[in-house]
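K.L.:
Sequence:
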Amino acid sequence: MRNHKNLMFWEELIRVLVRSYRFATSLPGNDQFTLGTEIKRQAVRVRTKVVAAGSIESPVESTNALDAAYQGLKEIGSSIEFAVELGMTKPELVSDLLESLDRLAGAVFSYRRSMS
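Take 1 as the starting number for the sequence shown in my numbering and just add one per residue.
Among these hints, one or two may not hold up.
[Unchecked claim] Straight line, CA to CA, 30 angstroms or less: simulated BS3-like cross-link-like pairs of lysine-lysine:
#1 Lys-40 - Lys-5
#2 Lys-90 - Lys-40
#3 Lys-90 - Lys-74
#4 Lys-5 - Lys-74
#5 Lys-74 - Lys-40
[Stated by the list, open to error] Label-pair restraints from in silico Cβ distances:
#6 Arg-2 - Val-84: 34 to 44 angstroms
#7 Phe-9 - Glu-57: 21 to 31 angstroms
#8 Ser-55 - Lys-90: 31 to 41 angstroms
#9 Gly-29 - Lys-90: 11 to 21 angstroms
#10 Asn-6 - Gln-71: 33 to 43 angstroms
#11 Arg-103 - Ser-55: 17 to 27 angstroms
#12 Asn-64 - Arg-15: 40 to 50 angstroms
#13 Glu-81 - Val-18: 17 to 27 angstroms
#14 Met-115 - Ser-26: 27 to 37 angstroms
#15 Glu-61 - Lys-5: 16 to 26 angstroms
FYI, nobody ran anything at the bench for these hints, they're computed from the structure. Remember, predicted model here, so these are calculated numbers, not experimental data. Even glycine gets a Cβ: it sits at the ideal position worked out from N, Cα and C.
Using the sequences and the accompanying hints, generate a full structural model.
P.N.:
Take a look at the structure:
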């Protein structure tokens, strides 16, 4: 079993997921309960899937968990982009968050490839 906290990208992952979660809670009114809920759900999912990947003995199940984490990071980014398109936030306020999400998705993808 691998300790997820030893992953090179773990600390950045947590910072970005916390920032994404907080962004979701800052959305106006009903959007917190629609788009915000989706972002928060994916943030929790990404964290749990990365942890699961390190604790699962089966290589197939580990790569499946990392696939889900990768997908979750992409979905968070897409949801934040949608919030920009809907005028809920300004692009310059989330551009670095979106870049971090893309970078982390790449790190998760690379980690997944190293396991297969």
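K.L.:
All hints are to be evaluated individually against the structure, with a verdict given for each.
P.N.:
Hints and how they fare:
1. The hinted pair formed by Lys-40 and Lys-5 meets the criterion: a straight-line CA distance of about 21 angstroms does not exceed 30 angstroms.
2. Restraint check: the Cα-Cα separation between Lys-90 and Lys-40 comes to about 20 angstroms, which is no more than 30 angstroms; the hinted pair holds.
3. For a cut-off of 30 angstroms, the pair hint linking Lys-90 to Lys-74 stands: about 19 angstroms separates their Cα positions.
4. Our distance criterion of 30 angstroms between C-alpha atoms is met by Lys-5 and Lys-74, whose separation comes to about 22 angstroms.
5. For the hint pairing Lys-74 with Lys-40, the CA-to-CA distance comes to about 13 angstroms; that is within 30 angstroms, so the pair holds.
6. The supplied range of 34 to 44 angstroms is met by Arg-2 and Val-84, whose beta-carbon atoms lie about 36 angstroms from each other.
7. In this structure the hint that Phe-9 and Glu-57 lie 21 to 31 angstroms apart at CB holds, the actual value being about 22 angstroms.
8. Separated by about 39 angstroms at the C-beta atoms, Ser-55 and Lys-90 satisfy the suggested range of 31 to 41 angstroms.
9. A hinted range of 11 to 21 angstroms for the beta carbons of Gly-29 and Lys-90 is consistent with their spacing of about 18 angstroms.
10. Checking the proposed 33 to 43 angstroms range against Asn-6 and Gln-71 shows it is violated: the Cβ atoms sit about 23 angstroms from each other.
11. A hinted range of 17 to 27 angstroms for the beta carbons of Arg-103 and Ser-55 is consistent with their spacing of about 24 angstroms.
12. Asn-64 and Arg-15 have their C-beta atoms about 25 angstroms apart, which leaves the hinted 40 to 50 angstroms range violated.
13. Distance hint check for Glu-81 and Val-18: the Cβ-Cβ separation is about 19 angstroms, which falls inside the suggested range of 17 to 27 angstroms.
14. Separation of Met-115 from Ser-26 is about 35 angstroms and conforms to the stated range, judged on CB atoms against 27 to 37 angstroms.
15. As the Cβ distance of Glu-61 to Lys-5 is approximately 20 angstroms, the hint placing it in 16 to 26 angstroms holds.
Checked against the numbered hints given earlier, this structure breaks hints 10 and 12; the rest are met.
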